[in-house]
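My request is simple: use the sequences and hints to build the entire structure.
Mind the numbering: the sequence shown is residues 1 to 150 in the UniProt record's numbering, read in order.
Treat each hint with caution, since some may be false.
Straight-line Cα separation of at most 20 angstroms, SDA-like style, residue types lysine to any residue; simulated pairs [said to hold, decoys possible]:
| # | residue 1 | residue 2 |
| --- | --- | --- |
| 1 | Lys108 | Asp63 |
| 2 | Lys108 | Ser80 |
| 3 | Lys108 | Glu65 |
| 4 | Lys140 | Glu65 |
| 5 | Lys108 | Glu62 |
| 6 | Lys140 | Ile122 |
| 7 | Lys108 | Cys97 |
| 8 | Lys140 | Tyr94 |
| 9 | Lys108 | Tyr59 |
| 10 | Lys108 | Val61 |
| 11 | Lys108 | Arg52 |
| 12 | Lys140 | Glu62 |
| 13 | Lys108 | Ile122 |
| 14 | Lys140 | Gly44 |
| 15 | Lys108 | Thr43 |
| 16 | Lys108 | Gln56 |
| 17 | Lys108 | Val50 |
| 18 | Lys140 | Val150 |
| 19 | Lys108 | Pro64 |
| 20 | Lys108 | Lys140 |
| 21 | Lys108 | Pro98 |
| 22 | Lys140 | Glu82 |
| 23 | Lys108 | Glu82 |
| 24 | Lys108 | Val85 |
| 25 | Lys108 | Trp126 |
| 26 | Lys140 | Val61 |
| 27 | Lys108 | Val125 |
| 28 | Lys140 | Glu39 |
| 29 | Lys140 | Leu92 |
What the hints contain is simulated information worked out from the structure, not anything from laboratory work.
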Amino acid sequence: MSSEYERPERDDDATACAYTSYDNDEDVEYDEKESVDGEVPATGRGAEGVERRVWQALYEVEDPEMPISIVDLGLIYGVSVEDGVAAVDMTLTYTGCPARDMLINEVKQSVSAVEGVDTAEIAVVWSPGWTVDMVTEQGKESLREFGLSV
1 MSSEYERPER DDDATACAYT SYDNDEDVEY DEKESVDGEV PATGRGAEGV ERRVWQALYE
61 VEDPEMPISI VDLGLIYGVS VEDGVAAVDM TLTYTGCPAR DMLINEVKQS VSAVEGVDTA
121 EIAVVWSPGW TVDMVTEQGK ESLREFGLSV
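Spelled out as structure tokens, the structure:
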């Protein structure tokens with residue numbers, strides 16, 4: 001799927017889903033960021049230096065239910081690194097994901113452990129909404145090997 005990702009503006013008046021626990025993390029920056037290759041989901045193609053190492057760390061984070069990287073699953077929308085602060089825009093397969101907190105914490109820990117990263121800021125975004133079309137070809141192959149039809 002090829003599309004230009006434009007990060008949505010933060011809506012402070014939005015209401016939370018009754019079945020999902022949300023944190024209002026005022027420390028998260030909500031400025032405009034773009035993926036490295038301008039497409040959603042982002043894959044880190046062309047990243048260099050610390051940003052490349054962040055992408056490598058993200059490829060090591062697997063979905064808790066399937067043996068597939070969250071990058072190949074299409075959950076990462078953008079990564080930027082500036083002055084030791086790594087900002088990651090990510091989504092989930094659906095808003096009520098029971099592994100939400102676990103996955104966000106794992107992403108934050110993995111990115112924080114990268115040499116050259118002092119702080120990791122993770123923003124969960126819902127636009128554009130995730131679809132199976134966002135899974136990379138490598139991800140589709142991993143899912144097929146796992147026994148899923150994609």
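Checked hints:
1. For the suggested pair Lys108 and Asp63, the alpha carbons sit about 14 angstroms apart, so the restraint of at most 20 angstroms is met.
2. With a C-alpha separation of about 14 angstroms, the suggested pairing of Lys108 with Ser80 holds against the 20 angstroms cut-off.
3. Our distance criterion of 20 angstroms between C-alpha atoms is met by Lys108 and Glu65, whose separation comes to about 19 angstroms.
4. Proposed proximity of Lys140 and Glu65 is supported: the alpha carbons are some 15 angstroms apart, at most 20 angstroms.
5. This hinted pair checks out: Lys108 and Glu62 have alpha carbons roughly 13 angstroms apart, not beyond 20 angstroms.
6. A C-alpha spacing of about 25 angstroms is found between Lys140 and Ile122, which places the hinted pair above 20 angstroms, so the restraint is violated.
7. A hinted pair counts as satisfied when its Cα atoms are at most 20 angstroms apart, and Lys108 with Cys97 qualifies at roughly 17 angstroms.
8. Between Lys140 and Tyr94, the direct Cα distance comes to roughly 18 angstroms. Compliance with the 20 angstroms bound is thereby established for this hinted pair.
9. A hinted pair counts as satisfied when its Cα atoms are at most 20 angstroms apart, and Lys108 with Tyr59 qualifies at roughly 13 angstroms.
10. For a cut-off of 20 angstroms, the pair hint linking Lys108 to Val61 stands: about 10 angstroms separates their Cα positions.
11. This hinted pair checks out: Lys108 and Arg52 have alpha carbons roughly 16 angstroms apart, not beyond 20 angstroms.
12. For the suggested pair Lys140 and Glu62, the alpha carbons sit about 14 angstroms apart, so the restraint of at most 20 angstroms is met.
13. Under the criterion of a C-alpha separation no larger than 20 angstroms, the hint pairing Lys108 with Ile122 is consistent with the structure, at around 7 angstroms.
14. For the hint pairing Lys140 with Gly44, the CA-to-CA distance comes to about 18 angstroms; that is within 20 angstroms, so the pair holds.
15. The straight-line distance between the Cα atoms of Lys108 and Thr43 is roughly 18 angstroms, inside the 20 angstroms bound, and the hint therefore holds.
16. This hinted pair checks out: Lys108 and Gln56 have alpha carbons roughly 14 angstroms apart, not beyond 20 angstroms.
17. A threshold of 20 angstroms between alpha carbons decides the hint, and for Lys108 with Val50 the separation of about 15 angstroms falls inside it, so the pair holds.
18. A hinted pair counts as satisfied when its Cα atoms are at most 20 angstroms apart, and Lys140 with Val150 qualifies at roughly 6 angstroms.
19. Between Lys108 and Pro64 the alpha-carbon distance is near 15 angstroms, which keeps this suggested pair within the 20 angstroms criterion.
20. Annotation: proposed proximity of Lys108 to Lys140 is violated, straight-line Cα distance about 25 angstroms (limit 20 angstroms).
21. Proposed proximity of Lys108 and Pro98 is supported: the alpha carbons are some 17 angstroms apart, at most 20 angstroms.
22. Our distance criterion of 20 angstroms between C-alpha atoms is broken by Lys140 and Glu82, whose separation comes to about 32 angstroms.
23. A hinted pair counts as satisfied when its Cα atoms are at most 20 angstroms apart, and Lys108 with Glu82 qualifies at roughly 16 angstroms.
24. Of the supplied pair hints, the one linking Lys108 and Val85 holds, its CA atoms being roughly 12 angstroms apart against a limit of 20 angstroms.
25. A hinted pair counts as satisfied when its Cα atoms are at most 20 angstroms apart, and Lys108 with Trp126 qualifies at roughly 18 angstroms.
26. This hinted pair checks out: Lys140 and Val61 have alpha carbons roughly 16 angstroms apart, not beyond 20 angstroms.
27. With a CA separation close to 15 angstroms, the supplied pair Lys108 and Val125 stays within the 20 angstroms bound.
28. Proximity of Lys140 to Glu39 is assessed by CA-CA distance (about 18 angstroms); at most 20 angstroms being required, the pair is judged to hold.
29. For the given pair, Lys140 sits about 17 angstroms from Leu92 by alpha-carbon distance, which is consistent with the 20 angstroms threshold.
In summary, the numbered hints that this structure violates are 6, 20 and 22.
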